[in-house]
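Asker: The residues making up each chain are set out below.
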Amino acid sequence: MSATVLPGTVVPAQHANLKLGPGLIQKSDAGAAGPSIITTRTGTLNHSSNGSKWWVESNSRRYVPAPQESVIGVVVQKVGDGFRVDIGAAHSASLDGLAFEGATKRNKPNIKIGCVVYARVSLAHKDMEPELECFDAQTRKAEGFGEVKGGFLVRCSLKMCRNLLDPKHFLLPLLGARFPLEAAVGMNGRVWINAKEPRQIIAISRCIEAVDPDGGGMDEAGIKAFLGTLDI
Amino acid sequence: MSRYQGRQPHEPRAIQISFDGLARVDGSARFSFGPISALSSVSGPIEVRLASENASQATLDVLVRPLSNVPATEAKALAATVRGLLTPSLLLANNPRTLVQIVAQALVPSTGSGPKRANVNAVTAAVVNASTLALLNAGSIPMRGVICAVAVGRRKDTGTLVVDPDEGDGTLDAEGCFAFMFTRNGNDVQSQCVWTNWKQSTGDEGVLDKARELAGQAAGDVYAAMHASVDGMNKADSRVVIPVQKEDMIAEDTGNNDDKMEI
Chain A
1 MSATVLPGTV VPAQHANLKL GPGLIQKSDA GAAGPSIITT RTGTLNHSSN GSKWWVESNS
61 RRYVPAPQES VIGVVVQKVG DGFRVDIGAA HSASLDGLAF EGATKRNKPN IKIGCVVYAR
121 VSLAHKDMEP ELECFDAQTR KAEGFGEVKG GFLVRCSLKM CRNLLDPKHF LLPLLGARFP
181 LEAAVGMNGR VWINAKEPRQ IIAISRCIEA VDPDGGGMDE AGIKAFLGTL DI
Chain B
1 MSRYQGRQPH EPRAIQISFD GLARVDGSAR FSFGPISALS SVSGPIEVRL ASENASQATL
61 DVLVRPLSNV PATEAKALAA TVRGLLTPSL LLANNPRTLV QIVAQALVPS TGSGPKRANV
121 NAVTAAVVNA STLALLNAGS IPMRGVICAV AVGRRKDTGT LVVDPDEGDG TLDAEGCFAF
181 MFTRNGNDVQ SQCVWTNWKQ STGDEGVLDK ARELAGQAAG DVYAAMHASV DGMNKADSRV
241 VIPVQKEDMI AEDTGNNDDK MEI
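Protein sequence lines, in the order shown, are assigned to chains A and B.
Taking the numbering used here, the leading residue of the first sequence gets 1, the next gets one more, and so forth.
Taking the numbering used here, the leading residue of the second sequence gets 1, the next gets one more, and so forth.
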């Protein structure tokens, strides 16, 4: 079932182990027949096949931190033992100086103001400042988190980031088949890309902007035609 | 005198909605009742000044810019109105210590005297509807309902109540704007009046009840137009033009408006 819903729509979600995803809240109505589930944003209403997980698939440009999401941030300040990182949310996130693989008091990472880091949100409570860590939660190893050097930062909408993280999406494999590239996709609307030549980096950046649902949403055939016009 | 485009008393002027995709904000939309047009943009939740920070909820800030000159008393009054109107529909407690900033601009002259001055209630309604659509477009602030507004007036010559009065209706001896919050349960659309500035010089409160009922039906048309427009929200440069006719506004069936869509 994927109908476009507006906020304030009652959702017929019933299950023993019901899990509500983004865009749904449970409204406890004292007078009515028990609590009801309503949507809080515009988008398409989806649910899992057994009806236990419901969510609203929508697009927006502003990131609201949620735990265990990988984000790309820019270091803006050195505060005591740690750093303040701008992740595009309402508040800056704090990244402890020891939240890296193999970091000790004597062996701290060499991160300066203006560095780009790929980190995981470890704490995201609405009343507190978000906190980041640069290692995987289970293995405690870097697994790609940490400072990323060189490259270029591209801004896109949140739905585009989720699309790029989907292994079945066409864009990154299509570009990777033409030239080697590196990409780190943050869930906060930022993508870090790197390739050998500047015109390849520019091509990736323009393709991301073209496929972004916010800016037209070009499909695979359109991108192939578009790449033909670029000089790569 | 005849109304704009020969409308019936219960019909608002042609509703036009477009999502402009302004560059530096999180959501934006444009709403028109015929020639009365308003553009609104929303940014949030963003960083807030320490002085306006609220520890338990987001701060809602509404700025209204008139078409010309700096914002004066009328613009500030409209901004305070819109702020009071929209607050009940937003779940501001989800993002404490942040700011939700709405900037709305009326695209018709609404101050000064003379024949060019637009009906202030129509402008209020257009600004409220544009702000609601911009909030829907932004998608980052949770909402518990959709607020739609229409202007209603009573003609001095015939004494009939008309929706969205224009110059063709002549002088009005009672007028105001009504705002409703819409929620939906399946096919059943529920609305609740959340605000009005109705003013009348003669008659009893029965007139207010009739005006509110008439406004409620017209606001339902606005809600259906909004629902039809969000389907095309993410396509570049989409515009939905809906000359409102009662038979066609079946809320669930959005396919009906395809032949009226002008791009």
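Bear in mind the hints are in silico, worked out from the structure with no lab data behind them.
From a predicted model like this one, the values you see are computed outputs, not experimental measurements.
Take the hints with a grain of salt, since some may be wrong.
[Stated by the list, open to error] Sample of chain B residues at the chain A side, in silico, Cβ under 8 angstroms:
#1 A23
#2 L60
#3 D61
#4 L63
#5 R65
#6 N94
#7 N95
#8 R212
#9 D231
[Claimed, not checked] Derived EDC-like pairs: lysine to aspartate or glutamate, alpha-carbon spacing no greater than 16 angstroms straight-line:
#10 A:K19 <-> A:E57
#11 A:K126 <-> B:E53
#12 B:K199 <-> B:D188
#13 A:K126 <-> B:E47
#14 A:K112 <-> A:D86
#15 A:K78 <-> A:E57
[Claimed, not checked] Computed beta-carbon distance windows for the label pairs:
#16 B:G159 <-> A:P35: 24 to 30 angstroms
#17 A:M128 <-> B:K156: 48 to 54 angstroms
#18 B:L91 <-> A:D86: 22 to 28 angstroms
#19 B:A72 <-> A:G114: 42 to 48 angstroms
#20 A:K27 <-> B:C193: 19 to 25 angstroms
#21 B:G159 <-> A:R162: 30 to 36 angstroms
#22 A:K27 <-> B:G6: 24 to 30 angstroms
#23 B:A72 <-> A:Q77: 39 to 45 angstroms
#24 B:S52 <-> A:L20: 47 to 53 angstroms
#25 A:V79 <-> B:L208: 45 to 51 angstroms
#26 A:G150 <-> B:R24: 49 to 55 angstroms
Cβ coordinates follow ideal geometry from the N, Cα and C atoms, glycine included.
Asker: Regarding the pair A:K112 and A:D86, is the alpha-carbon distance no greater than 16 angstroms?
Answerer: holds, 14 angstroms
Asker: At the C-beta level, are B:L91 and A:D86 separated by a distance inside 22 to 28 angstroms?
Answerer: holds, 25 angstroms
Asker: Should the hint that A:K27 and B:G6 are 24 to 30 angstroms apart at their CB atoms be regarded as holding?
Answerer: violated, 44 angstroms
Asker: Please verify that hint: B:D61, Cβ, nearest Cβ of chain A, below 8 angstroms or not.
Answerer: violated, 13 angstroms
Asker: I want to verify a distance hint. Is the separation of the beta carbons of A:M128 and B:K156 within 48 to 54 angstroms?
Answerer: violated, 59 angstroms
Asker: Is 24 to 30 angstroms respected by the C-beta to C-beta distance linking B:G159 and A:P35?
Answerer: The hinted range 24 to 30 angstroms is violated for B:G159 and A:P35, with Cβ atoms some 47 angstroms apart.
Asker: Is it true that B:S52 and A:L20 lie within 47 to 53 angstroms of each other by Cβ?
Answerer: violated, 31 angstroms
Asker: Just to be careful: measuring from the Cβ of B:D231 to every Cβ in chain A, is the smallest value less than 8 angstroms?
Answerer: holds, 5 angstroms
Asker: Hold the hint about B:N94 up to the distance rule: shortest CB distance to chain A must be less than 8 angstroms.
Answerer: holds, 6 angstroms
Asker: Mind checking the CB of B:A23 against every CB in chain A and telling me if the closest is under 8 angstroms?
Answerer: violated, 10 angstroms
Asker: If you check the beta carbons of B:A72 and A:Q77, does the distance land in 39 to 45 angstroms?
Answerer: holds, 40 angstroms
Asker: If you check the beta carbons of A:V79 and B:L208, does the distance land in 45 to 51 angstroms?
Answerer: violated, 58 angstroms
Consistency with the previously given hints fails for numbers 1, 2, 3, 4, 5, 8, 12, 15, 16, 17, 21, 22, 24, 25 and 26, ordered from lowest to highest.
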